[in-house]
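Below, each chain spelled out in residue letters.
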Amino acid sequence: MASWLLRLGVPLALAAGGAAPSLAQTAGEDPVKRGEYIFNAAGCLGCHTESKEAPRLAGGRALKTPFGTFYGPNITPDPDTGIGGWTDEDFIRALREGRSPDGTAYFPVFPYTSFTHLTDQDLRDLKAYLDAQPAVSKPNRPHDVSPPFGWRFLLPAWQALFLEDGGLPPEPGRDAQWERGRYLVQAAGHCGECHSPRNFLGAIDHDRMLAGSADGPEGKPVPNITSDPENGVGKWSPGEIAFLLEIGMMPDGDFVGGGMNEVVENSTSKLSAEDREAIAAYLLTVPPGG
Amino acid sequence: MSRISKKPGIVRNAVICVASAGCLVAAIGQAAAQSQRPVSADPAVVVKERETTMKSMGDAMKKISAYVKNEGGTVEGVREGAAAIRQASQKIAPSLFPADTGIGRIEDSEAKPEIWQQWPKFEQAAARLVTAGNDLSSAAEGGDRAAIARQFAQVGQSCGGCHDDFRQKKN
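If you read the protein sequences in the order shown, they are chains A and B. Just so we're on the same page, the numbering used here is the position in the first sequence counted from 1, plus 223. Just so we're on the same page, the numbering used here is the position in the second sequence counted from 1, plus 290.
Any given hint might turn out to be false.
Unchecked claim - Once the Cα atoms are required to be at most 20 Å apart in a straight line, the calculated EDC-like pairs of lysine to aspartate or glutamate come out as: (1) Lys-338/B with Glu-400/B; (2) Lys-411/B with Glu-485/A; (3) Lys-359/B with Glu-497/A.
What the hints assert, rightly or not - Residues from chain B shown here face chain A by an in silico Cβ test under 10 Å; the list is partial: (4) Val-329; (5) Asp-349; (6) Met-351; (7) Trp-406; (8) Phe-442; (9) Cys-452; (10) Asp-455; (11) Gln-458; (12) Lys-460.
Hints listed in this document are in silico derivations from the structure and should not be mistaken for laboratory results. Every value quoted in this text rests on a predicted model; they were computed, and no experiment measured them. Note that the Cβ used here is the ideal one computed from N, Cα and C, for glycine as well.
Use the sequences and the hints to build the structure in full.
Take a look at the structure:
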């Protein structure tokens, strides 16, 4: 399905994110504009803004997990409470290695296990975009995590075990659309963070990547989105998957909920039609797993 | 002097009478707007009716999307679908979600307890769908594809927004 929006020439409020039609790496000269696309693809807004009424990107959103409640931090350019003053290298280390500029390890609720696969260019563009947003002074709220998961000093060991950096490995026989889809799903969109089961240490079970989770955010089940024809999206057409990502409608006319509508609103509806099609093409090749 | 003083008394009583009647009418109006008129006293029947109603809206959205996506739908189908959504959406808050029909109360219910914990917010979400459904109907009457597409997306956002907060789908 070529985008029906484009065919109609209708910039829907939903889709009017100003997304460039081409891939982020080639979308124009302005790093802030390119970074905005990555920002949307990565859905940063959701966890880093407390509510629709709260100051944008100033943090505070609660995320309940089986390990405790985490509060998204302030990522505005405020020098005292946000990330103002960070160098590009600080920013890249944070997203790729899960470490703050002073070396402290982040809890993996911040999906650096996915973001570690983002390209240098995309990370620099993302920072350029964040630097261009209004600074808001709002101190971070401490996480409320039960021991031993709250023991930050254990995190380097966790990272040594579970953080696989170095970019997504090439797969022979795949085309550019598939690779783009994989990049959007695995790196930027970090879809597997909610749609995959985790082990008792909170690490994603790679053998069952995207095969759904009984215990997602807020302790609620999250569906299987692999190519499994019964439990996943294997029977869906690429157009049906792309349409869900664009407006949230499933093939039976039902609309997604459980947080996914927010993902559609903030993230996937703002991607280009080509990128939504790439995600669909990739998902339909993900082995059923679990 | 006493005759003069009575007049304001009558006026005052009349004013009080009118005002309190007005208040009473307003209060009844308020109560009617907020009171629930469940489709049945049997919660299981209510939940069944709720599922049928939601399904009817899903079918309507599917039909409308076929037109919007240029996959064989017609403007006539959009009109019918929009009418079905209007009719169904008006039933949601007043008659499809009485207390004790949520998750844990009724087997297979997907209605989160937040519906009753945050009832005004839920009513607002339902009202948003009623408005969006009305606007979709108007757009369907006009027959302008672009306007229909815009309103279709608005209805979709109303559905999804409410599902985000108030529905936990069974897996």
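Checked hints:
For the suggested pair Lys-338/B and Glu-400/B, the alpha carbons sit about 12 Å apart, so the restraint of at most 20 Å is met. Note on Lys-411/B and Glu-485/A: the hinted pairing holds, with a Cα-Cα distance of about 17 Å set against a maximum of 20 Å. This hinted pair checks out: Lys-359/B and Glu-497/A have alpha carbons roughly 16 Å apart, not beyond 20 Å. The criterion of a C-beta within 10 Å of any C-beta in chain A is not met by Val-329/B, whose closest approach is roughly 21 Å, and the hint is violated.
Given the 10 Å rule on beta carbons, the hint for Asp-349/B holds: about 6 Å separates it from the nearest Cβ of chain A. Annotation: interface hint on Met-351/B holds; nearest CB of chain A at approximately 4 Å, less than 10 Å. Hint status for Trp-406/B relative to chain A: violated, with the closest Cβ pair at about 17 Å, above 10 Å. Annotation: interface hint on Phe-442/B holds; nearest CB of chain A at approximately 8 Å, less than 10 Å.
Interface restraint check: Cys-452/B against chain A, minimum CB-CB distance 7 Å, threshold 10 Å, status holds. Restraint check, Asp-455/B versus chain A: the minimum CB separation of about 8 Å is within 10 Å; hint holds. At a threshold of 10 Å, the smallest CB-CB gap from Gln-458/B to chain A is about 6 Å, leaving the interface hint in force. Given the 10 Å rule on beta carbons, the hint for Lys-460/B holds: about 8 Å separates it from the nearest Cβ of chain A.
The structure fails to meet hints 4, 7 from the earlier list, while all remaining hints are met.
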